[in-house]
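Peer 1: Chains as they are written, first to last, in full-length UniProt numbering: chain Z, 1 to 371; chain E, 1 to 371.
Some clues are possibly wrong.
One side only, chain Z facing chain E, incomplete, derived with CB under 10 Å [unchecked claim]:
id: 1; residue: Leu19
id: 2; residue: Arg25
id: 3; residue: Met117
id: 4; residue: Gln182
id: 5; residue: Phe186
id: 6; residue: Gln192
id: 7; residue: Ala199
id: 8; residue: Glu213
id: 9; residue: Gly215
id: 10; residue: Ser229
id: 11; residue: Gln256
id: 12; residue: Gly265
id: 13; residue: Ser267
These are computed hints drawn from the structure, not numbers from a lab.
A virtual CB, placed ideally from N, CA and C, is assigned to each residue, including glycine.
The residues making up each chain are set out below.
Protein chains: 2
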Amino acid sequence: MATSPIIDASKALTLPEPLPLDSGRSLDGVRIAYESYGTLNAARDNAILVTHALTGDHHLVSPHPKTGKPGWWVRMVGPGKPIDTNRFFVVCANVLGSCMGTTGPASIAPDGKPWGMRFPVITIRDMVRGHVTLLDSLGIQTLHAVVGGSMGGMQALSLAANFKDRAKAFLVIASTARHSAQNIAFHEVGRQAIMADPAWREGDYYSYGKGPEKGLSVARMAAHITYLSEAGLTEKFGRRLQDRAEKTFGFDADFQVESYLRYQGLSFTDRFDANAYLYITRAMDYFDLAEEHGGMLANAFAGSRARFCLVSFDTDWLYPTAESRNVAHALTAAGLPVSFVELSAPFGHDSFLLDVPALDRVVAGFLGEAR
Amino acid sequence: MATSPIIDASKALTLPEPLPLDSGRSLDGVRIAYESYGTLNAARDNAILVTHALTGDHHLVSPHPKTGKPGWWVRMVGPGKPIDTNRFFVVCANVLGSCMGTTGPASIAPDGKPWGMRFPVITIRDMVRGHVTLLDSLGIQTLHAVVGGSMGGMQALSLAANFKDRAKAFLVIASTARHSAQNIAFHEVGRQAIMADPAWREGDYYSYGKGPEKGLSVARMAAHITYLSEAGLTEKFGRRLQDRAEKTFGFDADFQVESYLRYQGLSFTDRFDANAYLYITRAMDYFDLAEEHGGMLANAFAGSRARFCLVSFDTDWLYPTAESRNVAHALTAAGLPVSFVELSAPFGHDSFLLDVPALDRVVAGFLGEAR
Numbered sequence: 001m002a003t004s005p006i007i008d009a010s011k012a013l014t015l016p017e018p019l020p021l022d023s024g025r026s027l028d029g030v031r032i033a034y035e036s037y038g039t040l041n042a043a044r045d046n047a048i049l050v051t052h053a054l055t056g057d058h059h060l061v062s063p064h065p066k067t068g069k070p071g072w073w074v075r076m077v078g079p080g081k082p083i084d085t086n087r088f089f090v091v092c093a094n095v096l097g098s099c100m101g102t103t104g105p106a107s108i109a110p111d112g113k114p115w116g117m118r119f120p121v122i123t124i125r126d127m128v129r130g131h132v133t134l135l136d137s138l139g140i141q142t143l144h145a146v147v148g149g150s151m152g153g154m155q156a157l158s159l160a161a162n163f164k165d166r167a168k169a170f171l172v173i174a175s176t177a178r179h180s181a182q183n184i185a186f187h188e189v190g191r192q193a194i195m196a197d198p199a200w201r202e203g204d205y206y207s208y209g210k211g212p213e214k215g216l217s218v219a220r221m222a223a224h225i226t227y228l229s230e231a232g233l234t235e236k237f238g239r240r241l242q243d244r245a246e247k248t249f250g251f252d253a254d255f256q257v258e259s260y261l262r263y264q265g266l267s268f269t270d271r272f273d274a275n276a277y278l279y280i281t282r283a284m285d286y287f288d289l290a291e292e293h294g295g296m297l298a299n300a301f302a303g304s305r306a307r308f309c310l311v312s313f314d315t316d317w318l319y320p321t322a323e324s325r326n327v328a329h330a331l332t333a334a335g336l337p338v339s340f341v342e343l344s345a346p347f348g349h350d351s352f353l354l355d356v357p358a359l360d361r362v363v364a365g366f367l368g369e370a371r
Numbered sequence: 001m002a003t004s005p006i007i008d009a010s011k012a013l014t015l016p017e018p019l020p021l022d023s024g025r026s027l028d029g030v031r032i033a034y035e036s037y038g039t040l041n042a043a044r045d046n047a048i049l050v051t052h053a054l055t056g057d058h059h060l061v062s063p064h065p066k067t068g069k070p071g072w073w074v075r076m077v078g079p080g081k082p083i084d085t086n087r088f089f090v091v092c093a094n095v096l097g098s099c100m101g102t103t104g105p106a107s108i109a110p111d112g113k114p115w116g117m118r119f120p121v122i123t124i125r126d127m128v129r130g131h132v133t134l135l136d137s138l139g140i141q142t143l144h145a146v147v148g149g150s151m152g153g154m155q156a157l158s159l160a161a162n163f164k165d166r167a168k169a170f171l172v173i174a175s176t177a178r179h180s181a182q183n184i185a186f187h188e189v190g191r192q193a194i195m196a197d198p199a200w201r202e203g204d205y206y207s208y209g210k211g212p213e214k215g216l217s218v219a220r221m222a223a224h225i226t227y228l229s230e231a232g233l234t235e236k237f238g239r240r241l242q243d244r245a246e247k248t249f250g251f252d253a254d255f256q257v258e259s260y261l262r263y264q265g266l267s268f269t270d271r272f273d274a275n276a277y278l279y280i281t282r283a284m285d286y287f288d289l290a291e292e293h294g295g296m297l298a299n300a301f302a303g304s305r306a307r308f309c310l311v312s313f314d315t316d317w318l319y320p321t322a323e324s325r326n327v328a329h330a331l332t333a334a335g336l337p338v339s340f341v342e343l344s345a346p347f348g349h350d351s352f353l354l355d356v357p358a359l360d361r362v363v364a365g366f367l368g369e370a371r
């Protein structure tokens with residue numbers, strides 16, 4: 001356990017030691033914003049770490065401070081819910097590189113100016129190093145479980161591979177052990193959209209009061225398409241027009257799907273930092289758990305004694321079932337207990353955030369199993 | 001047949017009459033650039049119209065004047081090829097709204113300035129009206145066949161529905177009778193990327209010597225992902241690095257797929273007009289052949305006596321097989337002869353342009369059938 005770190009009132013930890021990074025660099029004075037729910041028991045063995053997705057944060061069940069919307073997983077976490085805060089001590093930390101309280105490119109560097117693009121490129125493993133330091137500070141040696149969807153699942157897998165004694169179980173939802181060429185391609189489109197915006201100013205926009213909002217909005221629009229299924233988009237919007245009886249023969253948002261996407265793009269810029277988006281997508285693209293372990297994914301898990309549950313969704317084309325199956329095969333090859341289920345849900349990748357009762361049952365069942 | 005139009009040496013037709021448009025507007029002095037290959041026979045019944053895709057043009061087998069690259073369908077059209085110019089008189093015209101010689105937003109308006117966004121919003125049917133006027137000028141009453149892939153297939157279907165006596169056969173490849181919500185969504189991302197670029201200047205960029213190249217490049221990158229299959233991207237690029245042994249922990253194009261996409265985006269801006277991209281994507285989004293015909297696709301084809309062949313590709317997720325099947329069902333319901341084949345090819349939507357020998361056989365077979 002690290003020497004007693006400072007925990008301030010708003011539930012943020014400032015690391016007393018420099019955080020080493022995969023790039024070879026290190027970061028001094030890293031701040032990790034987090035929330036916790038429930039009570040850590042005397043044995044300190046009822047803690048669950050929930051890891052968040054690309055644009056998520058630690059406001060798991062508390063209202064988002066900028067949008068006022070409910071926490072992103074209120075349906076899953078709380079008293080009597082699948083991740084039951086009557087039973088478990090639940091921790092969620094904003095990832096390194098993000099913009100919701102944890103140190104990232106919008107934070108102030110030692111020279112008193114925002115880091116901007118001087119911030120080091122980070123990896124999923126670097127995010128996990130931050131989480132582990134937080135666990136140290138909370139006096140949690142061994143987690144009951146790590147639960148994460150999408151990029152949260154990557155963090156869970158990275159923690160399983162790199163900190164083998166820190167958790168007894170891992171629940172990985174709609175995720176992958178490595179970013180595919182198509183995944184990288186979509187992220188690259190988003191990054192190029194941001195960097196093409198003159199208001200980006202090579203990342204040095206903080207003093208101008210206005211960032212690359214148009215570019216960030218386009219990036220979010222492109223990404224948002226990948227979060228939904230084709231069938232889901234058809235059901236939700238089809239070719240229905242937005243507040244009009246006829247097409248306008250113009251370039252306004254005639255179609256509901258256009259209006260929806262524009263709203264998604266614009267509203268995202270109110271709550272997210274463009275540079276943070278660049279850094280976190282880069283971390284995801286760099287993620288390849290097999291590569292870190294000699295090219296064999298099974299090797300990543302050698303020596304683990306944890307149990308695993310993998311969940312995919314049949315309409316998720318961002319991280320399709322084959323990606324979860326790939327991880328399940330590697331875990332089996334490593335001799336570890338793994339359950340794997342593909343759930344049917346119409347919402348595409350976003351299914352892990354939405355109303356899928358079968359997921360609730362899988363989560364409650366897996367976490368409830370004693371071992 | 002229209003009264004004798006002017007055909008200039010470079011194979012362009014200037015319409016003697018205003019072209020009526022679906023928007024209710026009309027366009028004076030429309031110029032249609034085209035190429036033809038082979039010889040029209042005495043009966044004038046051996047003509048094939050090839051219709052091109054979104055960013056295609058009439059340089060079917062001749063080198064592209066800006067890039068110097070071979071015509072876009074040299075593998076399919078020529079002496080002894082599936083569309084055999086020893087036997088057929090093959091015509092291909094640049095669509096209305098494009099930027100390769102046919103009138104579009106980059107053309108000069110009657111006031112002597114470029115149209116820009118003052119150009120009327122056009123539809124697939126408007127493009128087809130232009131083609132039919134060209135056929136009139138060439139003295140072709142009834143085509144042997146219309147052949148088109150992607151947006152070219154939409155033109156073929158629109159011609160079949162709206163000009164029922166003008167062709168005996170239609171070969172529609174990797175296409176659809178209506179743009180889906182997801183199709184519209186991807187196009188909207190591209191349009192927003194262009195319009196977000198300050199160099200777009202509300203479409204009035206022509207006098208500045210520089211258009212919204214960054215925005216257009218991002219639009220092309222996003223679209224390009226949809227033209228390829230996930231498996232094809234993985235096979236072609238995987239997670240391989242570009243000219244380097246290690247990741248750079250930066251934002252250069254570390255991965256081959258990033259480098260490839262950036263190249264696709266940048267090179268596109270050398271050959272295509274951003275406003276034309278806006279107008280043509282809008283025409284595609286507006287395309288819904290059933291809607292034009294009382295909401296029933298079968299009605300669109302009622303009274304036709306043509307025969308049809310529909311081809312889809314198993315890895316095409318832009319216009320997947322279900323879209324072609326939908327058209328086949330409507331044609332069958334209308335009592336028309338239709339053959340429908342899904343071909344296996346690894347290249348996604350782009351399969352119609354690439355080396356798929358099975359497609360060659362289908363095309364040659366369908367065009368070769370006498371009737």
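Peer 1: Starting from the hint list further up, note which numbers the structure goes against and sort them upward.
Peer 2: 1 and 13
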